[in-house]
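The sequence shown runs -3 to 363 under our numbering.
No lab work stands behind these hints, which were simulated from the structure alone.
Calculated pairs, DSBU-like style, for lysine-lysine (alpha carbon to alpha carbon, straight line, at most 35 Å):
1. Lys150 to Lys186
2. Lys337 to Lys285
3. Lys285 to Lys214
4. Lys223 to Lys323
Per label pair, the in silico range of CB-to-CB distance:
5. Thr196 to Gly135: 19 to 29 Å
6. Gly52 to Met167: 40 to 50 Å
7. Ser236 to Thr264: 17 to 27 Å
8. Gly352 to His181: 36 to 46 Å
9. Gly280 to Gln154: 46 to 56 Å
10. Gly239 to Asp64: 42 to 52 Å
11. Leu188 to Asn57: 51 to 61 Å
12. Val53 to Asn170: 48 to 58 Å
13. Arg50 to Thr242: 47 to 57 Å
14. Asp290 to Ser172: 43 to 53 Å
Backbone N, C-alpha and C define an ideal beta-carbon position, used for all residues, glycine too.
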Amino acid sequence: MRKVNPLEPQKIITMIILLMSTCIKVSAQSPYAMFGDNSKMLEAKRESVPSIYRVGVQSTNGVNLYADFDMNKGLATLYDAEGNILRQDSIGENTKAMFTTIDPHAESYYHLSPYSYCGGNPVNRIYPTGMDWVEGADGNIVWRNSVVSSNYQKVLNQGEIYRGVDYIRYMNWNNSRAVGLVQEHYLPNKTLSYEVHNGTYQFDFTGEVISSQELTGKQLGSNHAAKGIRGTAYLNAVFSDGGTYTTETYPFTSGPYGNGPTPNHNYTGSDFAYTSQAGMTIGGNRGWKVYMEDYNGRTGLRMHPDTNSPGTAGCIGIQGSAEALTKLGSFLYDYIKTQNKNIQINFIITGNPNYGNNGKSNPYIGQ
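Kindly generate the complete structure, drawing on both the sequences and the hints.
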């Protein structure tokens, strides 16, 4: 078994350190040494990146050695093939600076290269280790190390918005990754997760229970319900995590005619039809209706335009301009008939009387 001349490793590591020092001495002539000979890796001891760099060395007599450069401890250590320490020397601060040299191939894969911080553009692409998300005046969101919930009111500039550590927003993208509605999720681990909308929609409703006279403007007889509902319908895009984004809103009414407003329930809109039925037409043209299942003893429940006097006989009456209602009808036709999808209709109103088939004096009419 050959033995390494003890003087030879000393020569090798001495030459490596001498070469590193020589590179620093001529750094002012390097196109990357913009800070001169006294440049230092000021953040080297705080970055959560590997701090030890290993270099393979082959001596003149054919023995394989390797050298470790520990940038945190400032040590250069020469080992033999079995891991025995042959020599150890310190590394000066100026010597550390040579490790900031840009990889010559960084432009080919800038988004992957550890040598090209933020793709060579830290002003626009910086995501430093920090605490919370901040939305700039330009709408871009970055993770800021100087911003936390306790100080953001003091440190943020005009136009900047504090977004916390976990934030979701919805944006329309038009880039190489996606075109259309996208859910952006800014996570506590300082990364962005995004999901392109898959085309699923649902209706959600909010409203208030009011008297039949307030809703219709009329004094109704005892053959109608005493209460009706007025509120807002939300057409929401649905994402895989249950998150929703409102694409359109419409005023609506329900009741008080007949048995009164639609009972609270998560309905399924399973079919669609155009109709010329009175009260559902749009500006003298055909209207439309979406069929929902029977519930709570009520039959014939529908969602349709409410285009004559306010109120319905138990259905959900969507209000709005002729253009908005026609556009909604076209959307629902395509969604239910062309795409063969059901649409969820979540009708849950606080205080809803939830009349069964006894909302009026005639219990034999289901609707």
